[in-house]
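Trainee: Listed below are the residues making up each chain.
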Amino acid sequence: MIRYTLGRLLSLCLSLIVASLVIFAVVEVVPGDPAAFMLGVNARPDTIAALRAELGLDQSLPQRYLSWVGGMLTGDFGISYTYRTPVSQMVLDRIGVSLPLALMALTLTILIAFPAGIYAASRRGRAGDLGVMGATQLGVAIPNFWFAMILVLIFAINLRWFSAGGFPGWEAGPAAALKSLILPAIALALPQAAILTRVMRSSLLDMLGEDFIRTARAKGLSRRQALWRHAVRNAMIPVLTIIGLQFAFLLAGAIVIEQVFFLPGLGRLIFQSISARDLIVVESVVMLLVAMVILVNFAVDLAYAAVDPRLRARA
Amino acid sequence: MSLLSIRDLSLTIHGTPILDRVSLEVAPGDIVAITGESGSGKSMTALATMGLLPQGAQATGQILLEGQDLLALSEPQMCAVRGRRIGMVFQEPMTALNPVQTIGAQVAETILQHEGVPRSVAMQRARAMLDRVGLPAERFPLTRYPHELSGGQRQRVVIAMAIALRPALLIADEPTTALDVTTQARILDLLKDLTRDFGMGLLMITHDLAVVAGMADRIAVMQHGRIVETGATADLFAHMQHPYTRALFRASSHVVDLPPAPPPEPLLRVENVIRSYRQPRRSLFGPRPVLRAVDDVSFDLHRGERLGLVGESGCGKSTLTRALLGLEPLQGGRITLDGDPLGPAARRKMQVVFQDPYSSFNPRHRVARLITEPFHLLPAPPQGADRDARIARALTDVGLKPSDADKYIHEFSGGQRQRIAIARALINDPDLIIFDEAVSALDVSVRAQVLDLIADLCRKRPLSYLFISHDLHVVRSVTDRVMVMQAGKIVEQGPTAQVLDSPQHPYTRSLLAAAPKLPDLRIPADGA
Amino acid sequence: MRLPRTLLIGALLSTVFLGAALLSLVWTPYDTQILTITQRLQTPSAAHWLGTDQLGRDLLSMVMEGARTSIAVAVLAVGIGMGLGIPLGLLAAAMRGSLIDELVMRANDLVFAFPSLVIAILITAVFGAGAVNAIIAIGIFNIPVFARLSRGAALSIWSRDFILAARVAGKSDARISIEHILPNIASLMIVQGTIQFSLGILAEAALSYIGLGAQPPVASWGRMLADAQTLASLAPHVALVPGLAIVFTVLGLNLLGDGLRDLLDPRIRVART
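Residue numbers (our numbering), protein chains in the order written: chain A, 1 to 315; chain B, 1 to 528; chain C, 1 to 273.
The following block holds chain A by itself, in its conformation from the complex (with noise of 0.2 Å):
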């Protein structure tokens, strides 16, 4: 288990390492000359020179990396050109938003596809299956913001349970500002759930074919018991991976819900730093997210070896 677990932290952290190059390169490098690129085509060269000061661009590329990285390892993300703040107090503003609305999303997810997936598993080829498949079907093909923008037409527009859009932030209170991400979870979760539901369904059919299902039934055990007992258990293995990298997408891809909502997340954040041409704000919150999702992901592996035993024992 330490073996496995050191190597996934190795493999951690040469992730981040090359993460935060590519990133570098993309947002630094590519662009040309960033000071220009912030400050649009008609720019005077002065302007150009007196950014370019500020930044530190004059020094050298692996200077000026490392000193990025140096920065974020220490908490310090920057200046945002464009508000004139700490990029992590802004961070820290918008964390607020897309760490629970994942969380809502994500929740909500696992209630749905759980017992839709097993519950299709159980009912192979029957009505019930059908069913649950069609349904699944149909959620795949619908994008998260048309989705989002049918809900408030319905429950914000004409039944006003729920406000349209914006966040009143959590001074107003838990319950109101809960409340105004509930349209948002619901509508990440949905196609979501349907994706999970039939990874659900697909991973327990797979371990319902398996010998050892055979095995159990000759004990004794009902056909219910061999499958919460034993396949529900095993089917969960592959389902963690696909968790994890729903997770990752419900933070750092809610951006286009949170454009429909009005929500001030990280994702709108970087939508708007990338029209306003902020590269500091992009570059540190970019990685930022990018972080999270190797962070999440290395969770899982482990969780992955806590549950499979063949994990711990292998190389």
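Read the hints as simulated data drawn from the structure, not as lab findings. Everything numeric in this text was worked out from a predicted model, so none of it was measured.
Simulated coverage check for chain C against chain A, where a stretch passes if three residues somewhere in it have a Cβ under 8 Å from a Cβ of chain A:
{"#": "1", "segment": "108-114"}
{"#": "2", "segment": "197-210"}
{"#": "3", "segment": "228-235"}
Positions of the beta carbon are idealized from the N, C-alpha and C atoms, including for glycine.
Dock chains B and C against the given chain A, drawing on the hints supplied.
Mentor: Chains B and C in isolation, oriented as in the chain A frame:
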């Protein structure tokens, strides 16, 4: 009263008839074997008894367990029977256990399923069961996981699970087919021991007549879903009535008529060959252990000679085969064919026939393309009419038709596929063919035919081959000399009859002792 | 031969949209470049089968042209994914266990770690918005999908005996990859291709929605939805039509993929109990 009484059991699956009025009796303490070739319905009979038939199955007749008709029971009632009154052991030990559960938990599950004892008591009883099947506590604590055990050890765990509640009947479906000869002998001994000790009835399904001869009190022979003959073992062997039984027995004890070998003249020279691997590290900073899969092996194979290689799984014979074919780099020694080291020229003169007829061919190619694959080795491969002629000749040599060249491989049975594999091996007129367990996956009657084919080919052309097999009986009839391999080394070699009749090395002796033997009988010709 | 029903429905839906996309190259009921404000926001009628949008453009024509954009972007993105991903996967499988194999797998894992939408936004933002950059951004994320899939499928074929027979016949790994491995994984790749195609359509719609996909005057379903957002309560059909177009196209492609899988690669799961 009979323990198990199957009366007129007929079975259809989705309308296809599988079993036709099967009737069978098992008395307490009796070992009854159902034998037959693949497709005879033996496994289905066992599954019907357990009530574990696949979907779409319809069964009629009666299956009486201690007087109670199992076919009339509801599913919950059947669940109460399974594991408690009937235990079952299946064929594939490597996949029969839940990989993420400890062996202790899995054995205890049988107990907890049927009896309301506390978990700790169930675990104690599981421990006792594991001890009883030969897995002592020091090496096999309850916390072991299946992937830490070998095939034979896993099968013991499966047996422990099946007998944990001392069922009246134990069903074993080909329990040792996937195991090595020596492991097989030990598992069969265990089964015999448990049957006597617990007073159980054992219903054993196996295709291997030799195993049946050594184990069973009574035998039932099945063909195409029917029982064609049944009786006490000794009686049945003494007076076989049904032509199929006789054919089966004849095929099992089939001795091939090999033409004599020519005087020795070296063809293949293997000198001090070593093939070693570095294995993954055991501990974080320790060295990487080196495994010698082939450890200083030397032998000669002469022109026209038929040399056998016997060994159990893991002995290194597959690695040696690949090394002979030039597919593995050597860490020591050398291999020469006709004096040439293994290069394209030597490769041209060697060919191979593999074990699994179902994975030996690319399913997307036609037979003509499949059997001409070795032409790639020739500097000027035959084209056009010459190529067609060679294909036709190769197919007729193996007993097939030239028109078969246009078909796809899935249109052929296992035995036919092996013939096509032999055609592929022969098409370049190689000097040496390696048969790597080439008949092990075939039914007994088909096996006899393919062995006859090989003998026939020996008559028609000078054929030298290395015959690798774990089946000593087959090796005896189809080789002149034999080598015995263990843990990467050749421990004994010599003329076949001599090695198999008076083995010198202890390992050879243990192999011969473990191998189940068919009684040496005279089977009258049909009509007598 | 009985074709699975999913295949037929999927093929039908896909053909309808593909046909609409192709047809739009030569003809649409109305010219989408002409704005007739007086005709704005009309509900579906005999003159305009799907109604008009806020600038008076016929929605049916817009949908047809949008189909062209979506399908073009998605097809090319799949092309990039397959064209680069499958050779990489085959290479990794042929050199299994070696450093190259490790590198390919690590690179794959790394690309998977990046939230695809964020990077797509980054790429299109740095290099400029437009269909071409959308194709590249989406295509890049298809590469590891095909690489991983083809490697996995190839590895399972490498262990079969007929590959050993080909090696005994002296064939090189490259030759074996092309002659034996590739034909045997082709059906799996095709099925995955239809799935990635449908995912590409969704991705293109998302990018266009936030303004980073195909730019005006090129029509695109995503942007139609963005334009419709503020009007949804006044004229719901303007928001429903492009959305339903996306749903039916993606649904059709997924059904086609499922149907193809059943047809080409039937691994019949036997219910043991």
